[in-house]
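Chains as they are written, first to last, in the working numbering: chain A, 1 to 288; chain B, 1 to 288.
Please keep in mind that the hints were generated in silico from the structure rather than gathered at the bench. Don't take every hint at face value.
Because identical chains cannot be distinguished in the list, a pair is counted as satisfied if it fits within a single copy or across any two copies.
List of simulated lysine-lysine pairs, DSSO-like, C-alpha gap at most 30 Å [as the list claims (entries may be wrong)]:
1) K26 x K240
2) K159 x K269
3) K56 x K206
4) K240 x K95
5) K206 x K26
6) K90 x K159
Values in this document were obtained by computation on a predicted structure and should not be read as measured data.
Protein chains: 2
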Amino acid sequence: MKNLIKIINESLDEYMPIIYPEEIFKAMKYTLMLPGKRLRPVMCLETARILGCDIKKVLPSACAIEMLHVQSLIHDDLPCMDNDDFRRGKPSNHKVFGEANAILAGDALLTFAPQLIIEKSTDLSATQIVRIIHEFTKFGGAYGLIAGQVVDIESEGGKLVKSPEETLDFIHLNKTAVLFRLAVRIGAIAAGADDSVTNEFDVFAKKFGLAFQIYDDIMDEISSFEELGKTTGKDKASGKLTYVSLYGLESAKKKFNYLINDCYDIIDKYNSEIFNEILDKLKTRIES
Amino acid sequence: MKNLIKIINESLDEYMPIIYPEEIFKAMKYTLMLPGKRLRPVMCLETARILGCDIKKVLPSACAIEMLHVQSLIHDDLPCMDNDDFRRGKPSNHKVFGEANAILAGDALLTFAPQLIIEKSTDLSATQIVRIIHEFTKFGGAYGLIAGQVVDIESEGGKLVKSPEETLDFIHLNKTAVLFRLAVRIGAIAAGADDSVTNEFDVFAKKFGLAFQIYDDIMDEISSFEELGKTTGKDKASGKLTYVSLYGLESAKKKFNYLINDCYDIIDKYNSEIFNEILDKLKTRIES
Numbered sequence: 001m002k003n004l005i006k007i008i009n010e011s012l013d014e015y016m017p018i019i020y021p022e023e024i025f026k027a028m029k030y031t032l033m034l035p036g037k038r039l040r041p042v043m044c045l046e047t048a049r050i051l052g053c054d055i056k057k058v059l060p061s062a063c064a065i066e067m068l069h070v071q072s073l074i075h076d077d078l079p080c081m082d083n084d085d086f087r088r089g090k091p092s093n094h095k096v097f098g099e100a101n102a103i104l105a106g107d108a109l110l111t112f113a114p115q116l117i118i119e120k121s122t123d124l125s126a127t128q129i130v131r132i133i134h135e136f137t138k139f140g141g142a143y144g145l146i147a148g149q150v151v152d153i154e155s156e157g158g159k160l161v162k163s164p165e166e167t168l169d170f171i172h173l174n175k176t177a178v179l180f181r182l183a184v185r186i187g188a189i190a191a192g193a194d195d196s197v198t199n200e201f202d203v204f205a206k207k208f209g210l211a212f213q214i215y216d217d218i219m220d221e222i223s224s225f226e227e228l229g230k231t232t233g234k235d236k237a238s239g240k241l242t243y244v245s246l247y248g249l250e251s252a253k254k255k256f257n258y259l260i261n262d263c264y265d266i267i268d269k270y271n272s273e274i275f276n277e278i279l280d281k282l283k284t285r286i287e288s
Numbered sequence: 001m002k003n004l005i006k007i008i009n010e011s012l013d014e015y016m017p018i019i020y021p022e023e024i025f026k027a028m029k030y031t032l033m034l035p036g037k038r039l040r041p042v043m044c045l046e047t048a049r050i051l052g053c054d055i056k057k058v059l060p061s062a063c064a065i066e067m068l069h070v071q072s073l074i075h076d077d078l079p080c081m082d083n084d085d086f087r088r089g090k091p092s093n094h095k096v097f098g099e100a101n102a103i104l105a106g107d108a109l110l111t112f113a114p115q116l117i118i119e120k121s122t123d124l125s126a127t128q129i130v131r132i133i134h135e136f137t138k139f140g141g142a143y144g145l146i147a148g149q150v151v152d153i154e155s156e157g158g159k160l161v162k163s164p165e166e167t168l169d170f171i172h173l174n175k176t177a178v179l180f181r182l183a184v185r186i187g188a189i190a191a192g193a194d195d196s197v198t199n200e201f202d203v204f205a206k207k208f209g210l211a212f213q214i215y216d217d218i219m220d221e222i223s224s225f226e227e228l229g230k231t232t233g234k235d236k237a238s239g240k241l242t243y244v245s246l247y248g249l250e251s252a253k254k255k256f257n258y259l260i261n262d263c264y265d266i267i268d269k270y271n272s273e274i275f276n277e278i279l280d281k282l283k284t285r286i287e288s
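Isolated chain A, as found in the complex (with noise of 0.2 Å):
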């Protein structure tokens, strides 16, 4: 896992140059190189490799997930959307460089990410590539991590189109579990695998990202400042729609447990060391 992160943090270094104009592409790479677990990477990459495919064809694709995944949280943090002043311990990229470089630094990194899987994705076919490409735009856009997004943010304003239920799942899948799929389905189409093997990877990542959710809910509700670095309890004070509100907080424990459960058997065959390491630090802080 450590050797992924380091693989991955080296490659989004060298990937993202610094040009004129600089101030674009510093905004860009700041927020991008604020250390961070590299989970959505890691798991395109870990897929791939399970899958009998060279980790190094994959790699561009690896590093454009986390460079949607990074775009999203600049965005999200602007004092029109979610208003944080820190991003992983460190000012919030329009803290640093303005809003409108934050903007536009977000809105480089969407189109850097699939012009990075194109130029550098030496070792995959043309039709891999618009594979890889079409996911990318699909999850990552309307359709899903964006779709989330807007449920997310209209639920906060109290304006529900669907129930209470849906409008959760709905969000917790476009924007929690999306980028997980994205990210194991370009590992299983590099690796050139059929669709009934992209799609049960596809279910263990829709799984393993409401588990994922529900365990940030939980974490918020459970957790001292201290134990998470940031502040918790926001969830509650601002009625915000989570699992733990909805369903309480034994539901929802129960619920991720049982979600986990299913990831591990779904992964199982694979022997993956990294699949369940991931899973066993997730599953070990709930229990304890």
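With chain A held as given, fit chain B onto it using these hints.
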């Protein structure tokens, strides 16, 4: 020309669905469907046509270029950028849908555009699609359109890294010419043109883009609100770096004529009514 605009408007309407969550699709479609000259998609289609390509083949890409253009308008109008309340005579996107949705609508157009190219370009090869999306991401991102916008904002704040002349050239090339270049290049790629032909159209679009920007600068200087339908003299009042402010009105007109005449020369052999109509319109208004 009118016929092409009609086809483009109908296609944009057809390509852009309104589905759940409707707010984001409505926001995307709102600015997209405001009446415009559709100059960039028109030039894309016409380039493809005169190079022997059925325009149906390139229609999704032409519409994607308009989406990229509209995305940049939505984000440019935001309070932290140009702070414009009106666009094409109507309230700007954030005035209707709020800032958060306007930012997300722009993001969504940036991802929807390549998605559209992939899903609807059934008559193009995977290699052509990869080349088209590569141009799209390069010209639309930090190596093109966004770089132009960043330097434009910097120059308005009086922060110049290069000389005023170089800075102005950079802004004109990247903020204005870049999407005309993208339009003709994609038209040429769809038509299967060789590099020398693609480059010829590229040179045309570069000259046209510069002429178009100088035209805009001149019009801002000499027209009344009634003639243009928007506030004029804004550039001068704000001390903005323009061709007119840097070189004077006469020199600007000279440069404009020189560039437009070059454009006529390059395009002459194709006997294109559409390109001649576009050039004639600009030329007549400057001369009158």
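Against the structure, the hints:
no. : hint        : in the structure
1   : K26 x K240  : between (34 Å within a copy, 25 Å between copies)
2   : K159 x K269 : neither (44 Å within a copy, 59 Å between copies)
3   : K56 x K206  : within (25 Å within a copy, 38 Å between copies)
4   : K240 x K95  : both (25 Å within a copy, 26 Å between copies)
5   : K206 x K26  : between (34 Å within a copy, 28 Å between copies)
6   : K90 x K159  : between (32 Å within a copy, 26 Å between copies)
Of the hints listed earlier, the one the structure fails to meet is number 2.
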